[in-house]
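Trainee: Given next are the chains, with one letter for each unit.
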Amino acid sequence: MSRASPGQAAPRHLLFKGLTGFLLGFPLALWLSWVLTYGGLLPAYVPVRDQIAMWLAVLLWGAAPCIAFLAQSRRQCAIAFLLANAAAFAAWRVLQ
Amino acid sequence: MKAQTVKDYLAVHTWVGILCGLVLFVAFYAGAFSMLEAEITRWTQPPAPASSAVSDDGDALAAAFLAAHPDAKGRVRLRWPGADNAQPALAHMERGKDPVWWQLGSDGQLHRMASMPREDDTSGNFVDYLHRKGGLPIPLEVAEPVIGLVSLVYALALVSGVVVLLPSLVKDLFYLRLGANLKRMWLDVHNLLGVASLPFHLVIALSAAVFGLHDFVYLAQDKFIYQDGLRATVARDSVPPPKVAHADWLPPSEIKRRVVEQAPHFRPAGMDYVMLPAGPVALVGGSDERHFQRASRYGLAFVHLGTGQIYDRSYLPGDSGHASTALLSSLFALHFGSFGGDPVRLLYLLLGLSGALLFYTGNLLWIETRTKRMRHPQAGPGMERPRHVRVVSALTLGACLGCAAALPATLALAHWLAPVLDAPLGGLDAVHQGAYYAIFSACIAWAIWRGTDRAARGLLWFTAACNALVPLAVLLSLSPDGMLLGAVCALLTLFFAWLAWRQRCVKSPENGDSW
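If you read the sequences in order, they're chains A and B. Per my numbering, the first sequence runs over residues 1 to 96. Per my numbering, the second sequence runs over residues 1001 to 1515.
If you're looking for bench data, these hints aren't it; they were derived computationally from the structure. There's no promise every hint is true.
Quick look at which bits of chain B chain A covers, simulated, 3 or more residues with Cβ under 8 Å [claimed, not checked]: (1) 1042-1054; (2) 1207-1215; (3) 1263-1274; (4) 1325-1333; (5) 1479-1489.
Pulled a few chain B residues facing chain A out of the computed Cβ check, cut under 10 Å [what the hints assert, rightly or not]: (6) Gln1004; (7) Thr1005; (8) Phe1065; (9) His1069; (10) Glu1141; (11) Tyr1175; (12) Arg1177.
We put the CB at the ideal spot given by N, CA and C, even for glycine.
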């Protein structure tokens, strides 16, 4: 799909970006969904909050590969997702 | 947005579409039919008429069962008489086991029901499972996570498709170029269908991903996210169920009466006793189609067993009170079309069929693009497509028409065979599985063997004939439950017959433009 050959455009590494978004997007979605639903933004009592968190996790997981293709390179894609994961993990730890 | 980025999203859109298009086609086509799930079941397996040997007293049935099984675990469901059963019936459901159905004889004795169809052995359920499995011939528990992942990919296809279309959205959206250039025509149809039903598709993609992956996500949250575990986290935001001694329980009919007093538009269909270690939780299931329902076709009222008071309205249609529960109910209802009654169900049926057409046109675009790319002017119109294009082309034709033919054919067959079927031979589900996959596989094999261009006309006539079986069966034994299904299949018969008739215009089967 994005194999390089002489005289052609630079490879786009779409498979790498898609898999990075899919794999690194999952823990990111779990941490972010917790931060958004249990991190203090919502009232103390919210019925079915656990289910909202689960739906949000799937939504964020689905969104991750969608934005992965905005990266200009493999390196940029991987670094962006790793940094986002680190930030979301830190927020999750601090807000416990 | 940079032109290269748009090109990237176009490549992503193309590849994820071609990878998942056929599974999604079957899921949407069967999903459209699943809007008629209850009618289909009643049409192929009409409910047994009331019998004088069976008691009409649901309260006595529940009391007799609970007295005979004081340590019952799992869930005990009392189903009041309704469209699917003329007399009360009670199911005992335990995790990992088939439900066991009971009725109370007029002699006051509990009788295990032999005639009650198993929940997973009905025609409606076959259609529902076909929808949930995307037509994959594997067990549901394996297919559901696969479909969940396919739904994530489907969401990616939607987003990437919108990104690709954005630069020319206003100019091209309602510009249908119906003419000799088939690729352009299918592109316009594909874009119009995709954009016009985008909100529907986004909701379906998200909800289908959740339905397929929720066990996996909950497990991950339980292990890695919730420090106290999932159970304790859920309990913090739940209304604790009241504890009531067994002697103080109201009879189910009285609980039903009091629930209707508190929620006049709620129509109870049954009552569940969920047997938990801390004591039973009682909930009344029913519907109010003026509002979004929390479950696939119904809502729930959590009731106090001693007073009949609804103590938790989170899942009561239209009365949940909180934004979070309303949001959740709306997501369920928008997937299942379980609101607004028959008009919304019909709309969802059309949206399901148009969704299937979206995936079909997507595959056609892929095929046409590769056909044109390979067709050099010097090769002339008779040039053969490359092998991989021929394979995808035959799979697209065979799988799409195979599904469209096999589904109505197996329903008509079930309608004729259900009265004479012997359950130990595998029951109705064996007929459905056997007939559906035999016809489906035969269509694919025919398309691959004959080639798309030669197989198309015959397969279209065959699909029209299979669809015609349903209205024929309805006309031979008129029943209100088969009317809507018969009308839908009659329209599909005309549609496929028209497509087949148009095929006679294709003079050269080798010209590659026989769609």
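Trainee: Confirm or reject the coverage of the region 1207-1215 of chain B by chain A under the rule of 3 or more residues with a beta carbon closer than 8 Å to the chain's beta carbons.
Mentor: holds (count 4)
Trainee: Closer than 10 Å between Cβ atoms is the bar; does Glu1141 of chain B clear it against chain A? Give me holds or violated.
Mentor: 18 Å, violated
Trainee: Against chain A, run the beta carbon of Gln1004 of chain B and see if the smallest gap drops under 10 Å.
Mentor: 8 Å, holds
Trainee: Are there at least three residues in the region 1263-1274 of chain B whose beta carbon sits under 8 Å from a beta carbon of chain A?
Mentor: Since 0 is below three, the answer is violated.
Trainee: Under a C-beta cut-off of less than 8 Å, do 3 or more residues of the region 1325-1333 of chain B approach chain A closely enough to confirm the stated coverage?
Mentor: It holds, with 4 qualifying residues against the three required.
Trainee: Verify the interface restraint on Phe1065 of chain B: the C-beta must sit less than 10 Å from at least one C-beta of chain A.
Mentor: 31 Å, violated
Trainee: Close enough to count: is the Cβ of His1069 of chain B nearer than 10 Å to one in chain A?
Mentor: His1069 of chain B check fails; min Cβ-Cβ to chain A is 31 Å, beyond 10 Å.
Trainee: Examine the region 1042-1054 of chain B for residues whose CB is less than 8 Å from any CB of chain A, and state whether their number is three or more.
Mentor: violated (count 0)
Trainee: Interface hint check: Tyr1175 of chain B, Cβ to nearest Cβ on chain A, cutoff 10 Å. Holds or violated?
Mentor: At about 27 Å, which exceeds the 10 Å cut-off, the nearest Cβ of chain A leaves the hint on Tyr1175 of chain B violated.
Trainee: Is the interface hint satisfied for Arg1177 of chain B? The criterion is a beta-carbon contact with chain A at less than 10 Å.
Mentor: Violated, because the Cβ-Cβ distance from Arg1177 of chain B to chain A comes to roughly 28 Å (cut-off 10 Å).
Trainee: Holds or violated: the hint that Thr1005 of chain B contacts chain A, with Cβ atoms closer than 10 Å.
Mentor: With a closest approach of 7 Å, the Thr1005 of chain B hint holds.
Trainee: Taking beta carbons only, do three or more residues of the region 1479-1489 of chain B come closer than 8 Å to chain A?
Mentor: With 0 residues in contact (Cβ-Cβ under 8 Å with chain A), the coverage given for the region 1479-1489 of chain B is violated.
Figure legend: structure checked against the earlier numbered hints; hints not met, in rising order: 1, 3, 5, 8, 9, 10, 11, 12.
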